[in-house]
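**Q** Which chain is which? The protein sequence lines are A and B, in order.
Per my numbering, residue 235 is the first one in the first sequence, and the count goes up by one each step.
Per my numbering, residue 14 is the first one in the second sequence, and the count goes up by one each step.
It should be emphasised that the hints constitute simulated quantities derived from the structure, not laboratory data.
The model shown is predicted, which means the values in this text are computed figures rather than measured ones.
All C-beta atoms, glycine included, are put in the ideal place defined by N, C-alpha and C.
Some hints could be false.
[To be verified] Simulated restraints on C-beta separations:
hint : chain 1 : residue 1 : chain 2 : residue 2 : range
1    : A       : Ser734    : B       : Asp176    : 47 to 55 Å
2    : B       : Asp94     : A       : Asn455    : 24 to 32 Å
3    : A       : Leu449    : B       : Gly102    : 53 to 61 Å
4    : B       : Lys40     : A       : Pro1015   : 47 to 55 Å
[Said to hold, decoys possible] Distance condition first, Cα-Cα at most 25 Å in a straight line; then the derived DSS-like pairs of lysine-lysine:
hint : chain 1 : residue 1 : chain 2 : residue 2
5    : B       : Lys288    : B       : Lys199
6    : B       : Lys39     : A       : Lys1399
7    : B       : Lys306    : A       : Lys1396
8    : A       : Lys1299   : A       : Lys1328
9    : A       : Lys1264   : B       : Lys71
10   : B       : Lys46     : A       : Lys1396
11   : A       : Lys1422   : A       : Lys1410
[What the hints assert, rightly or not] If you want the ones that stay clear, here's a sample from chain B, every Cβ over 10 Å from chain A, calculated:
hint : residue
12   : Asn25
13   : Ser69
14   : Ala79
15   : Arg84
16   : Arg322
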Amino acid sequence: MTRVMVTLDGNEAVANVAYRLSEVIAIYPITPSSPMGEFSDSYMAVNRPNLWGTIPTVVEMQSEGGAAGAVHGALQTGALTTTFTASQGLLLMIPNMFKIAGELTSTVFHVSARSLATQALSIFGDHSDVMATRSTGFAMLASRSVQEAQDIALIAQAATLESRVPFLHFFDGFRTSHEVNKIESLDDEDLRAMIDDELVREHRARALSPDHPMLRGSAQNPDVYFQGRETVNRFYLACPAIVQKAMDKFGALTGRHYHLFDYAGAPDAERVIVVMASGAETAEETANVLNQAGEKVGVLTVHLYRPFSMEAFVAALPATTRTIAVLDRTKEPGANGEPLYQDVVTAISEMMAQGATPFKSMPRIIGGRYGLSSKEFTPAMVKGVYDEMAKPQLRNHFTIGINDDVTHTSLEYDPNFSIEAGDVVRCLFFGLGSDGTVGANKNSIKIIGEETSNGAQGYFYYDSKKSGTVTVSHLRFGPRPIRSAYLISQASFVACHQFSFLERVDMTRFATPGGVFLLNSIYGPDDVWEHLPREVQTDILQKQLRFYVIDAYQVAAKTGMGGRVNTIMQTCFFAISGVLPRDEAIEQIKKSIKKTYGKRGEAVVQKNFDAVDQTLINLHEVKVPGAVTSTFGRRPAVPAAAPEFVQKVLGQMIAFDGDNLPVSAMPVDGTFPTSTARWEKRNIALEIPVWEPDLCIQCGKCAFVCPHAAIRQKVYDPALLKDAPPTFKSLDAKYKEFPGAKYSLQVAPEDCTGCTLCVDACPVKDKSHAGRKSLNMAPQPPLRESEAANWDFFFNLPEADRTAFSPTTIKNSQLLQPLFEFSGACSGCGETPYIRLISQLFGDRMVVANATGCSSIYGGNLPTTPWASNNQGRGPAWSNSLFEDNAEFGLGMRLTVDKQNEYARELVPAFAGALGDELVSALLQADQTTDAGIAAQRERVSRLKQRLAGVDDPRAKNLLSVADALVRKSVWIVGGDGWAYDIGYGGLDHVMASGRNVNILVLDTEVYSNTGGQASKSTPRAAVARFAMKGKSLPKKDLGMIAMSYGYVYVAKVAMGASDAQTLKAFLEADAYNGPSLIIAYSPCKEQGIDLEKGLQQQRLAVASGMEPLYRYNPALIDEGKNPLIIDSKDPSIPLEEFAYNETRYRMLLLSDEARAEMLMKEAKSDVQRRWSLYKQMAAIHYDGQGKPE
Amino acid sequence: MTDLTTTYLGLNLKNPLVASASPLSKKVDTVRKLEDAGASAVVLYSLFEEQIVHESHKLSYFLDQANEPSRESNPYYPDLDHYNVGPDGYLEHIQKVKKAVSIPVIASLNGVTDSGWVEYAKNMEDAGADGLELNLYNIPTDLYLSSAEIENGYLDLIQRVRDEIKIPFAVKLSPFFTSLPYFARKAAEAGANGLVLYNRFYQPDLDVETLEVVPCLELSTSADMRLPLRWIAILYGRVEIDLALTSGVHTAVDAIKAVMAGSSVAMMASELVAKGPSRLGEILKDLGDWLEKYEYESIQQMKGSMSQRAVEDPAAFERGNYMKALQTFDHRLP
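All chains, full assembly: derive it from the sequences and hints.
**A** So, in structure tokens, the structure goes:
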């Protein structure tokens, strides 16, 4: 029977099976498993039935803990139920997993295995998460490829139904979950053949039902709990055989045979590597090559890790085995070895003791760690392990793939060792996150996979930035299925889709001699050569590369493609590579254009067709000159002036060479210096704002809205201008606090992202030429060098003395130094201006608890951090704990601050002698409500430190260690709506209820932004989101109202673009309020489907429509006998549609299902009116002067 | 009882009150209300070719933007089954309206490209429209484009549409024609069945505070009908083409003036947008009452009765009248 071949990624392959075998699916998004839930939701939306003809119910929960609870409940009431998760999400499921297993409940959890957050969060793949669930009682089945992930998803379901043991099916996050590969698909008949309906009915029969009532989940006592625990043994003992039976049945059905432990390699191997998941693919490929060269090596792949069948394990090993290396993709600090290693040691020892092995003597066993957080695991490393195993003295508890120069665990290996087959074509494409490169390559690999007999694989790398992301697409295809589970290091086709990468990314080093280098270049074939850096020219010449150029920007502009060069570069690839005959390739590209874009309208299809046709005309091979002629080289990763740590460590990461940093380079506890983003000059703006001083009114609005703190203003002594660069601009300052000073507004040209918000915010227009503002965008390249010099000069001008003015006006607030700058957030991000603002207002005394999400990624993702310190060395101290616990994390910080303050205050009087009564009294009674007051207190603390420095008293030393707590601190708890409305809501509520002085900033984008657009409880009615595909049918949760109900929580709803003054006021009041404060900050996000350059306008519309009413609820007013609620926005003045239908999240529903869109919009309008009316009534309540409503 | 029937584009209409293109016709239910109020035909809101193309590009842009945004996210949005970004939604609307009402339904088209005009006109015919209204709307800003070139382009277009469709169609014009009679004759020769005078431009305004050009949408007043009234009076009976007056019809008397000048129908939008579909019923009643009162036998009797050819002083519609009008002011100056 001919099977259908499909080209898809691991997540889709698994979801496609799991969905069809489920009745209920409860999930929560978490990278890299989110797509499995999203695919399931998509299937449900198109009414795709499961195997039994009914459409599964897919629900998004508020957390993985919630998802596990819902799964547990659904299982207990008899539904075939599944979930998908990873990492911390899996950890949140552990309590329920114990329950589900303890109750012998059939289910499969599909996990794209991912690192756990330890010294740092990592979204990438390893087995830390699944290994943390070993004791839950779940069976654990590992898959090593996309094909296996699909197959074993089915085998796991068959086995769980028969064994009653719940299964955790896992595969490597990203490497397998996101790898696109060509596989044989499983149809409904396959599933039908594997799943016994009688077992399904038995599962239902065991369920709770009032029609045959029973109790499960009792509390047991010392008398019987233990015995009860032992009742399950026989199920676990039977489980491996049941799994093997299912595997055998599957093998007979499909021809793909799996075993609990699969051995591959020489039948008489002496050295055997034991490994799980994708690493096994690489190990097996390598072993085969080594064996062809005469070695005797093998690989044992562990599929069923729990229950661990010692008999099957030993039986699978060759009798000749003398040395075993067990590779674990996890780390257990302090353990005798990692889990798989310990299992292997136990199994071999136990079986040897029983005489149940074929070995003549006890094999030597070593264990090591590899591949943590998707660290590459290459054939070279596999060979390194085999080489180690051949040595007389073995290094146990080793690491492979890194340089551990501290505890010297790492094995040596030759990184140049390669086993890539000559008949496999390897291609690399360097693109920009938004240019469509990844999508085009996914499409190309689909074309190759589905239109040729080739095996095909695609894997896609992204850097950590959200704007100006570098993407690298790795494509392989060849005559056999592609099993290489590692990145391409040498490619016969290297394409650079963005010319600006040439100055910072070494791409040609990946090109094989005689290969192709394709460059998207504004320079034509005749003059491109002189614009290449020296290193690129050298590579082209030395490797004799065939060099092609196309001006894809121009073709894109000409054909209406905007900045999307995807179709163009894809066409170049097919035209040059010859993977298909040119005409056929073009036909296939056009076919897929029609398929992809057809429903977006004929005009879109046509412009793509035009782009394809124009590409062929504009693609040129360059006649390469015979010598290197370039006068410039690639730019250094960071400027020479950067601090040593930035130069040596972060700079190497920026240069895409972090893999070669040794262990000693890394901080031991995850602590990093701040103020590092300023050294990472990303230079991504095509245009930057140019200041016209003659029009400027020094209002500060431009700096106030800047998401990247890339435009700033300063007032300074005119005498400082004597050293100014020639093009530096200045004006007489219009600040009464700084008479005679000069004023400058300056853009950081290599840090600005070109979002244009500052230009939009600029209120001044030329009276003779209304189109000219005080800020106007202009092309960046000609300004880069001069403005960079101006920026350096400006940056080094002294900051304004913050004690000399009050930050209560916009213009004054922007004299404060931003201590959050140049983040990797999206260009025009709606969140970061709020963060920048708090860093300015409170940064020098601020500690930040940051929930996981966009803000933790652009705030804390290496290489650099935007959090910064001022010239006094003070600045925000920042940390991210988890997603779910952020409010509690921040409360803990507050508790420490308060406790240490209290302790310090207790100690101070004891040193009245050394300090003097006056200082003691001043320290304890300081008014710290203003910056001047805080500065005075800092000076007192400084005096305290001086006077106690020599005092030989342990209490004095203790006081010195907590003395800084005498200066007022501001604790900020920052996160998105996914955190505040959903996963962290319980904690948030408790922290607000605590009455403690914390400031909570909710960056409300109304959707899970970081994980890609899933609906949160903040998502408004009628908006389309993941898990709200037909438009959300229920209104947005009113978090502010809930908080107001406490009566003692300061609550504000702000939208900077609608009212900057109200925003500023709210932040100042929140900090000043001695109790919990909650600021809900409306944050435009591109996931709302808007151009972020329109972000300010869209905020204005949101407020004018009543969708985002602005208010402040200040409990302090109650004490003054006033109503605490002040509504700051006017009555809704425009229809909701005028706001909503500017945004794709609303508009796409209107285009797709007009009747439903209208129905939801009507209800959404009613939501707005009702809420507005309620607020108005609340704000109108008269208080009697005693703080009580009359 | 006075005979109110008239014909327009070869369609037999029960009275001369036609609902002009406006947002009112976006809902089938409202069209039904217009019919119930007595409208003899309805011109649907306009299909704008550039809007279709713009919507299509815009949707595609944002869906693309939502793709591959970062390593943690899939495309933000689920890929929905289909999007009504082409003319399909409009064409379905024609079908729905046709099913819902028995009065003639005239579809309205604002094209941009030659192929767009022709293709969409054909689509509309296929969807069941009884007639079409082509909005020849152009703001020429090119210093090197002559009026003759623009007019010839319009005429070519009329010819091409005529060649493609069988149903009658009218062209709705702007007031800015140097020689309207000439163009009207040529349009009739090219195959247009009617002229609709005039398209109301929404002229942008200037905000002197913000220094911005702001779009401005104002409803018409009865005074706005003077311009089309004059030109209908001039054209009536001289060109083989039906005439329709739109802009400024707010009362029965306005409608009567339109018919007297030579218009086959009086089209209304602003009055109905402001006061609702039922207002048409009031006007219709007033119209009937007026005709009864002044003992007109039929609309036909009245049609063109005050056209330039019919009035006592044809010069009243010409330049001489201009001088006369100005002179009336002489006596009013302070």
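**Q** Which hint numbers does the structure go against, in order from smallest to largest?
**A** 2, 5, 7, 13, 14 and 15
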